[in-house]
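*Asks:* For the record, the sequence lines run as chains L and B.
All residue numbers in the first sequence are consecutive under our numbering, ending with 287.
All residue numbers in the second sequence are consecutive under our numbering, ending with 574.
Check before you lean on any hint, since a few could be wrong.
[Claimed, not checked] So, partial list: chain L residues that the calculated Cβ filter (under 7 angstroms) puts toward chain B:
(1) A46
(2) R47
(3) S54
(4) E162
(5) R172
[As the list claims (entries may be wrong)] Restraint-style ranges between C-beta atoms, simulated for each label pair:
(6) D166(L) / R427(B): 37 to 43 angstroms
(7) R141(L) / T452(B): 36 to 42 angstroms
(8) V471(B) / L136(L): 51 to 57 angstroms
(9) G554(B) / L231(L): 50 to 56 angstroms
Hints in this document: simulated from the structure, not taken from any laboratory.
Note that this is a predicted model, so its numbers are computed, not measured.
Think of the CB as a built atom: it goes at the ideal place given N, C-alpha and C, for glycine as much as any other residue.
2 protein chains.
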Amino acid sequence: MTSMRAAVERDRPIGVFDSGFGGLTVVNALRQRVPNESVLYFGDTARVPYGSKSPANVRRFSREAAQFLLSRDAKLIVVACNTATAHAAAELAAELTVPVVGVIEPGATAAVAATRSGRIGVLGTAGTIGSGAYDLAVRRRLGEPGRVYAQPCPLFVPLVEEGWTDHAVTMRVAEEYLRPLKEVDVDVIILGCTHYPLLSPLLQEVMGPDVTLVDSAEETARAVEGILSELGLERSADTPPSFTFFVSDSPHRFREVGRRFVGDLIGAVSHVDIDGFGQHMQRLASP
Amino acid sequence: MTSMRAAVERDRPIGVFDSGFGGLTVVNALRQRVPNESVLYFGDTARVPYGSKSPANVRRFSREAAQFLLSRDAKLIVVACNTATAHAAAELAAELTVPVVGVIEPGATAAVAATRSGRIGVLGTAGTIGSGAYDLAVRRRLGEPGRVYAQPCPLFVPLVEEGWTDHAVTMRVAEEYLRPLKEVDVDVIILGCTHYPLLSPLLQEVMGPDVTLVDSAEETARAVEGILSELGLERSADTPPSFTFFVSDSPHRFREVGRRFVGDLIGAVSHVDIDGFGQHMQRLASP
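Just chain L, with the same shape it has in the complex:
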């Protein structure tokens, strides 16, 4: 009886949430890294973006998202949004009984492993950069001599969603945002927003071949693999894994834009009214 229950437990999906589409880069990375895992995705497209919103609201939104994923039996929760990780991941980890993985710690670890000069740049939304979360995570690993240079890039998300990933305008915006990081000669840049991997070729061109770009999506998938293995939570079923998508705005638009991120992986997308999950969650919250 116990072992059967354990088998069922470990066969539950990984829950992933993001403010919208960006977290799909994490889904892609999970599919590469832990290909036998099922994934349940929630994109809060009715309230996207989180990057310009206050910490208190981002925390509320994140709790509602986590509660929704738990209600659908997630065995582990990936906070696949840098802003939500910055403002809410630690709190969720303390409140929930399933493991919670954010995108910031894995990216910071990889950046510190990759740097030679100890000068690390971070790109992110206004919310992520303003939170100082990367700064803290990198410094904690890097020690005193290292330096972190944080640069908010509020136009990158709208540019990616407009599909202008290799457009002259985007190049011009990137040159402007990255100039301060070139001036201080960083050798590693953390892409601190899940949209940014789609700009990797362009960002690499602006920074030159000697700068390493750290994709937090990949590093996060690696962290998830480690945790599943440590806790014996790898999916054991030999049926194909399932990929299920929920959004708080129009499923139709999500399917369209989502294809840019994960291609045909997006099949059925369902709508969920996320506002309703706030009250349940308050029971889990610490006072």
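Since the structure of chain L is already known, use the hints to place chain B on it.
*Replies:* Frame of chain L; chain B shown alone:
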């Protein structure tokens, strides 16, 4: 007794709502056009932007905003957001007992009055343009021979909020978005988003001096003036009018960005939890 009540009624504030900051251009226009009126503003900064959201969600958000303004005694409601006007103004007008003024009809009227060639361009968010609301409003006034050319400009709002209103990047983006309108030789362009008036000088430069830009904010204020006068709802008190601001996200950020729109007019800004207004509103909704 009746006349005292009438005096109190007409002294109530004009309620204005928008998804965020853009509606402040309408507040500015109201201050010019009806300087004795008090204004109660709600910016839905927790859920901004509306332009990329589905019609159903924009309708729900708009109802909640209107219900909040009514709960604070608004005598007239201005839907100071083109996307919300496109998806929800007609419905609100049918449901509510106070007058409802959107930003689309006034802009369309002014554009038709200004055109010589009958070729009119409209710039807006994906939601506004996708709704076809301007197309319909202009055609209804213009008759068969006229043509409306609609152009979605999703990057303009983030560019304005980044403060890049006269930046080379914005010029380059404008050139790209406006190229199709130049090719068909429009002589009037409706700025179909309340953020866009801040780009007027740049847009005028791209289009040249012979093209008339129609600012829906100004036209809307003119329409409000007419309705107040027609219904005998002009404020009669000779005390200075009040300007009160509510937002669903951080009051602090609203004060900062808001100054770009209306300067020192923004004094106290309060937070309101707008999710709570959904249920009350359902009683007003038609089935």
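*Asks:* If a hint holds in the structure, say so; if it doesn't, say that too.
*Replies:* Evaluation of the provided hints:
1. Taking 7 angstroms as the C-beta cut-off, the interface hint given for A46(L) holds, the closest approach to chain B being about 5 angstroms.
2. Because the closest C-beta pair between R47(L) and chain B is about 5 angstroms apart, less than 7 angstroms, the hint holds.
3. At its closest, the beta carbon of S54(L) sits 4 angstroms from a beta carbon of chain B; the interface hint therefore holds under the 7 angstroms criterion.
4. For E162(L), the interface hint holds, since its Cβ comes within 7 angstroms of a Cβ in chain B; the closest pair sits about 6 angstroms apart.
5. For R172(L), the interface hint holds, since its Cβ comes within 7 angstroms of a Cβ in chain B; the closest pair sits about 5 angstroms apart.
6. As the Cβ distance of D166(L) to R427(B) is approximately 41 angstroms, the hint placing it in 37 to 43 angstroms holds.
7. Here the CB-CB span from R141(L) to T452(B) is close to 40 angstroms, well matched to the stated 36 to 42 angstroms.
8. At about 53 angstroms, the beta-carbon gap between V471(B) and L136(L) stays in the expected band of 51 to 57 angstroms.
9. For the pair G554(B) and L231(L), the supplied restraint of 50 to 56 angstroms holds, since their beta-carbon distance comes to about 53 angstroms.
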